[in-house]
Structure formats: C-alpha cells, structure tokens
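The chain contents come next:
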Amino acid sequence: MKSREQEYREIFMAEALEYYNAMSRHISELERNPTDEPSLNELFRLMHNLKSNSRAMGYNSIGELAHHMETIFGLIRSKEKTFTGSVVPVLFTGIDTIGEMIRAVGANEDMPTVERLLDNLDRLVRGEEPILEEEEDDTDEDANRKLELSDLVYIQIKKLDHLMNLVGELIIDRDRVLTLSQEIGNPALLMAATHLSRIADELQYSVMDARLVGVGSLFSKFPRVVRDVATAEKKDVELTMVGEDIQIDRNILQIITDSLLHLVRNAIGHGLETPQERVAAGKPAQGHLTLSAQTERDDVLIQVQDDGRGIDVESVRRKAVERGLVAANVAATLDADAVRAFLFEPGFSMAKEVTEISGRGVGLDVVKLAIDSLGGQLRVESVLGQGTTFTLVLPTSIAVKGALLFQLDQRNYAIPLMHTDSVVSLQPENFNVVGGVLLTRLQDENVPVVSLRRLLHNGDGPLPPAVKAEVEGRQDIIIVKYNNRRLGLIVDRFLRQQDIVVKPMSKPLDTIDLFGGVTLLGSGQVCLVLDVPALTRLFLAKRP
Amino acid sequence: MPDSEKSVKQDPIIQLIVFRLGEEEYGIRIEQVKEVTITPEIARMPKTPPFVKGIANLRGDIIAVIDLEERFRLRSAGQEMPAVSYTMAIEAKEYTIGIMVREVPQPLSIQQSIIEKAPEFIQDINIHDKYIEGIAKIEDRIIVVLDMLKLLTPSEIMQLQPKTESSGSGSRTTA
Chain Y
1 MKSREQEYRE IFMAEALEYY NAMSRHISEL ERNPTDEPSL NELFRLMHNL KSNSRAMGYN
61 SIGELAHHME TIFGLIRSKE KTFTGSVVPV LFTGIDTIGE MIRAVGANED MPTVERLLDN
121 LDRLVRGEEP ILEEEEDDTD EDANRKLELS DLVYIQIKKL DHLMNLVGEL IIDRDRVLTL
181 SQEIGNPALL MAATHLSRIA DELQYSVMDA RLVGVGSLFS KFPRVVRDVA TAEKKDVELT
241 MVGEDIQIDR NILQIITDSL LHLVRNAIGH GLETPQERVA AGKPAQGHLT LSAQTERDDV
301 LIQVQDDGRG IDVESVRRKA VERGLVAANV AATLDADAVR AFLFEPGFSM AKEVTEISGR
361 GVGLDVVKLA IDSLGGQLRV ESVLGQGTTF TLVLPTSIAV KGALLFQLDQ RNYAIPLMHT
421 DSVVSLQPEN FNVVGGVLLT RLQDENVPVV SLRRLLHNGD GPLPPAVKAE VEGRQDIIIV
481 KYNNRRLGLI VDRFLRQQDI VVKPMSKPLD TIDLFGGVTL LGSGQVCLVL DVPALTRLFL
541 AKRP
Chain X
1 MPDSEKSVKQ DPIIQLIVFR LGEEEYGIRI EQVKEVTITP EIARMPKTPP FVKGIANLRG
61 DIIAVIDLEE RFRLRSAGQE MPAVSYTMAI EAKEYTIGIM VREVPQPLSI QQSIIEKAPE
121 FIQDINIHDK YIEGIAKIED RIIVVLDMLK LLTPSEIMQL QPKTESSGSG SRTTA
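Protein chains in written order, with UniProt numbering: chain Y, 1 to 544; chain X, 1 to 175.
Honestly, the hints are just simulated from the structure, not real lab data. Among these hints, one or two may not hold up.
To be verified - One side of the interface only, derived from the structure: several residues of chain Y facing chain X at Cβ under 8 Å: (1) N53; (2) Q286; (3) I479; (4) P508; (5) L509.
In this text, a Cβ means the ideal position worked out from N, Cα and C, and glycines have one as well.
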C-alpha cells in the first residue's frame with residue numbers, strides 16, 4: 001500500500017511529464033513559426049502550472065527554473081522579445097533541463113545544477129547575450145531521453161465502471177460454466193473451468209483494486225473544512241486523522257463525501273462546546289475531533305468522533321413522542337440505542353428546536369439514506385457529556401456483496417448479508433400475536449415477524465392482522481436488522497450464502513425501491529435483491 | 001408495389017415489424033426493435049402493474065417485459081399466452097424493454113403515405129389514440145402503427161395503473 005506522499009509524488013510526476021511533453025511540442029512549433037501565439041500562450045500557461053505544482057511539492061529548483069522560463073515567455077508574448085537568435089538555444093536547454101529535473105524526481109536522484117542556465121535566463125531578461133557553451137557529447141543522450149512515457153495513466157471512472165460491470169457479468173458466467181462442467185463431469189472441461197474461474201477471480205480483484213483509492217484523498221480536505229467551520233462557530237477544535245491509507249472504492253468515497261462533511265459540520269457546530277463551556281464542564285478548552293478509517297473484515301469503518309456534549313437520550317425520547325414517531329408507553333421502554341436511532345428518522349431531523357436541545361439531527365436522515373444506498377450502515381454511540389461517535393460501515397467495493405439466497409413462491413431472492421442479523425427456524429408455539437402483529441422472542445427481545453409473501457404482494461392498504469392459527473408447521477425466518485430494528489421475514493426455504501454481483505434495477509422498474517437490484521445466478525436465473533431499509537419502512541407503514 | 005423513381009423520392013418506404021395482439025395486427029417501426037427472441041424465463045416483480053410480467057435476462061441485460069394484450073385489454077377470455085411466446089426488445093428512450101407477443105413478428109415494407117392518421121373511432125377500442133401513429137391499410141389488412149416511444153415512457157409503464165404507488169417510501173410521511 002502506498003503512502004500518501006508517494007501517491008502525491010506519482011501524481012505530480014505524471015502531470016509534470018505531461019507538461020514537459022507539451023512544452024517540447026510547443027517549443028518545436030515555435031521554432032518553425034516564432035510568432036505562433038497559441039503555442040506561446042500554452043508555454044506560458046504550462047510553465048506557470050509547473051511552477052505552482054513544483055513549489056507546492058517542495059521541488060523549489062524546478063519551480064525556480066519554471067519561473068524564469070515563464071518570465072521570458074511572458075516577454076516574448078508581450079512582444080518585448082522575439083524567439084530568435086540566442087534566445088532559442090537557451091529556451092530549448094531550459095525545457096530539456098526541466099525534463100531532466102522531473103526525471104530526477106521520479107528516479108529519486110539529485111537534481112542537475114541549473115545556476116548557469118538561470119544566469120543565462122536572467123541575462124536574457126536584462127537584454128544581455130547569454131553565455132553559450134558547446135556541449136557536443138550531450139546530443140546523443142538527448143535523443144534517447146526524449147522518448148519517455150509516463151508510468152501513470154489517467155482513466156475516466158466511467159471506463160472503470162464499465163470494466164467492473166463486464167467483470168461482474170464474467171463472474172456470473174464463470175459460476176454458470178462451473179456448475180455446468182460439474183454436471184457434465186468431463187475432467188478436461190472441469191479443469192478448463194477451474195482455470196477460467198481462477199483467472200476470472202484474479203481479474204475481478206485487479207479491477208476492484210484499480211478502483212481503490214486511499215481514504216486520505218477525502219480526509220485531506222477536512223483540515224481546511226474544520227478550520228473554517230470552527231472559526232465560524234467560534235470553537236477551538238483540534239482535528240486528528242487516522243487511517244488515511246485505508247483503501248476504498250472511489251465511487252463509494254464519492255457518495256459519502258457529503259455525508260462526512262455533514263457529520264463533521266454537525267460535530268463542530270452542535271457536538272463540541274465553546275471553550276468557555278468546556279472549561280466550565282471541567283474539560284480541556286480545546287475540543288477534539290477525530291476522523292478515522294479502519295478495515296473490519298471486508299468492510300471499511302469510517303468514524304467521526306468528538307469529545308463534545310454528547311446526545312441527551314431523554315430529550316430525544318421526548319421529542320420522538322412529540323413528533324409522533326412512537327407511542328409514549330413504548331418510548332419509555334426503549335433502550336438508549338433504540339432512542340438514538342430516531343435521530344435518523346426523516347420527520348425528526350426537520351425540527352430545529354430539537355437540534356439545539358439534543359445537539360444533533362440536522363439532516364441525519366440524508367446521511368442515512370446515502371449510506372443505505374451503498375448497502376452500508378450508520379451507527380451512533382454517545383455518552384452524555386463525553387462525546388459522540390458516528391460510525392459509517394461501508395463495503396470496500398460496490399459490486400460484490402455477500403448475500404443470503406432464499407426461495408419464495410418458487411422464485412429465488414437475495415438479501416444482502418450486511419443487513420441480515422440471523423436465520424432461525426421456529427415452531428408455531430414460538431409466536432405470539434400482539435396488536436395484530438406476529439411476535440417472537442429472540443435473545444430477550446420481541447421481534448416482529450411478517451410473512452414476506454404477504455408484505456410483497458399485499459396491495460396498498462395496511463396488512464391484515466396476523467392470526468396465530470395461520471402459522472402452521474416450522475417457519476423459516478430471516479431476521480433482518482436496519483436502524484436498530486429487527487424484523488423477521490418468513491420465507492419458503494433458505495438456499496445458501498453466496499457472493500453476488502448486484503446489477504442496478506433497469507429502468508423503468510428502478511422506481512420500486514423494495515429491490516436494491518438484481519443478480520444473475522449461476523443457472524442464468526434472474527434473482528431479485530431485496531432492499532432491507534425499504535422493506536422495513538414498508539412494514540412500518542403497513543403494519544396492522 | 002409501384003417502384004417508379006418518383007414515388008421513391010416523395011414517398012419513402014418504411015419497414016414495420018408487425019405482430020398480433022388479440023385479433024388485431026399492430027406494427028412498430030423497425031428502427032425501434034432491437035431484436036426478437038423466444039421469451040426468456042421471466043421473474044415476476046412484486047409491486048408492479050399486472051401487465052408488467054416481470055424482468056428477464058436478455059444476454060446479460062436485465063429488462064422489463066410487458067404484455068400489451070393485457071395492457072390494452074385485448075385478450076379474449078381463454079386465450080392465455082402460449083407456453084412459447086416471443087419477446088421483442090424495443091429501444092425506448094433510456095432503456096430497453098421487452099414486449100411479449102404470441103406469434104413470431106413479421107417484417108413488412110410499406111410506403112409511408114399508406115399510413116393514415118387514426119380516425120376518431122379508434123378511441124373506442126381501449127388504446128388511447130396518443131399511442132397511435134396511424135393506420136395502414138394494405139389490401140384487406142389493417143395495421144395499427146404504434147408510437148412506441150410514447151407508450152414506453154416510465155410514467156406510462158409504472159403509473160397508469162393507480163395501484164402502483166405502493167412501496168413504503170412514497171407514502172411514508174403520513175405514517
């Protein structure tokens with residue numbers, strides 16, 4: 001894994017080499033046509049960019065040379081000088097030297113000395129003649145060196161997306177070929193299929209790897225954000241960043257950018273107290289904010305942690321009842337985690353007075369939806385008076401997900417493992433009916449259970465009340481978990497656990513949010529992938 | 001067919017793909033048809049209007065398949081789709097969609113001038129005239145030429161039936 005510095009250097013190198021190549025092209029053009037304005041403008045611009053980039057990276061000698069060159073090209077552009085006579089060899093040498101210096105950066109070598117060149121450039125600016133020396137032995141080397149291509153390729157993310165989709169389909173076909181070859185049982189075919197499978201695997205990981213970027217590329221934007229928000233809010237905040245080297249799919253990082261910005265702003269604006277309040281509470285005047293990334297199995301955890309005032313569970317509980325999100329008697333029985341989950345409810349966050357009391361809640365539902373769309377999870381932990389931690393659990397890659405396959409009405413469906421809590425088979429005596437809802441007791445918690453068939457195929461009205469007599473024989477139930485709520489889904493039969501490649505639902509059916517997409521099974525069958533957040537919401541909206 | 005130069009210039013020949021729905025013949029311009037294939041296995045999709053038969057895997061593309069006989073209520077009783085039916089993959093604006101038909105659709109070349117604007121009475125037969133580009137009369141056949149792009153907009157497919165606005169999030173706010 002690369003360090004950030006190395007990554008930046010590679011990017012600098014790629015850009016600088018590109019500039020160098022363009023400069024060589026334009027100066028050749030200029031030699032043919034010494035008053036060609038487009039070339040002059042380009043050269044001026046390229047020198048300027050190279051100067052800024054080099055100085056930003058600390059390559060001051062390149063910056064210095066580029067600065068001198070820029071000056072001369074500026075003079076030629078404003079017609080104070082002409083690209084003729086002794087100016088020509090000096091500028092050619094200048095661009096060659098820039099090339100050498102860039103290569104020296106790439107090879108980690110010492111920079112060539114440029115004093116004489118700079119001196120000559122200064123002379124040109126002053127209108128004096130440069131001191132030219134014949135360097136005959138240099139020409140061979142020059143001709144060899146110029147043909148050099150960058151080690152880095154810029155690629156549009158769209159192209160990588162396309163590759164990823166193709167690989168996804170290849171994986172599906174791979175599974176199919178494997179299944180078929182096992183059925184046919186021909187040893188040669190089986191061997192070829194196994195080999196194909198291994199190569200397809202490797203290809204998949206290579207493409208996934210090509211899409212990975214360091215979390216640092218997003219984190220690095222935050223010191224400035226934190227400074228600005230802290231200044232505006234009159235807070236004193238120290239930002240710590242951990243795990244910038246953790247790799248994640250570039251598109252995932254893109255999708256969570258706004259969410260992270262939101263959480264950080266919230267943490268400074270509402271979570272952290274002013275220095276006076278902090279001192280009064282016996283805390284250090286400076287607030288701490290930590291942005292961290294770590295891997296946990298196949299997931300990436302990104303945390304936004306503050307040591308501010310924390311979330312007041314009781315005021316959230318009160319507000320949830322006032323907002324009609326939960327009945328008062330039910331609210332009283334909920335534990336702190338369940339209460340904090342209300343913060344992610346759409347109705348909740350709109351209330352401005354809540355944010356001032358609880359210190360949280362501006363648009364958290366938006367954050368939640370963004371994370372849901374990735375098949376991830378958003379968690380919050382908080383200790384009153386000590387701080388709050390938001391955790392984003394994200395998949396490393398969008399395309400491949402672990403899923404549980406099951407059958408309903410002879411059709412195959414998949415549920416992402418990310419939202420699967422457990423799988424149980426229960427007898428009728430394990431159920432109770434309370435208020436028309438089927439309940440079962442799991443690990444000291446009452447979990448509502450619903451027939452998935454009924455949930456999916458029920459019309460627009462509320463679900464009919466559950467009747468215990470309807471539950472006959474053993475029931476296969478998948479317990480899904482979303483936003484701290486567990487829900488049992490009765491299915492016909494469990495099939496297996498499998499990695500699936502989720503394809504987005506094709507238009508115009510993509511308006512049905514119950515399905516996160518489709519996948520193709522090894523048999524070529526189409527399998528719908530259920531979206532647990534939408535299912536949970538549907539159940540809550542339609543429960544009897 | 002008269003093939004004089006004059007008529008070619010002023011009256012271009014267009015190609016239709018002709019298929020049967022119920023007892024009538026319908027046509028689509030050939031440019032809109034991507035391919036015709038035996039209907040692949042279809043996975044029923046909950047929460048869609050009944051005429052949306054589900055989704056199918058067409059060479060790796062997942063497409064929705066619809067039944068226009070059901071959509072326009074053209075099916076006579078006891079005339080279920082045969083076990084082997086055909087699906088035309090149609091290119092709509094942003095997506096491909098499958099249309100299920102009972103017989104192999106046939107190509108047919110006609111002169112554009114044959115297509116007449118739909119007369120008023122057509123509104124009586126369930127197909128709203130806005131989907132109809134015109135009527136082509138060829139000898140004793142009458143072919144209704146459909147404007148697929150209008151017929152296959154997302155709102156036509158998903159919202160014509162009042163039943164569709166059903167999945168949780170749509171009406172969540174009142175809960």
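Evaluation of the provided hints:
no. : hint : verdict
1   : N53  : 41 Å, violated
2   : Q286 : 42 Å, violated
3   : I479 : 19 Å, violated
4   : P508 : 3 Å, holds
5   : L509 : 5 Å, holds
Hints 1, 2, 3 from the list above are not met by this structure, while the remaining hints are.
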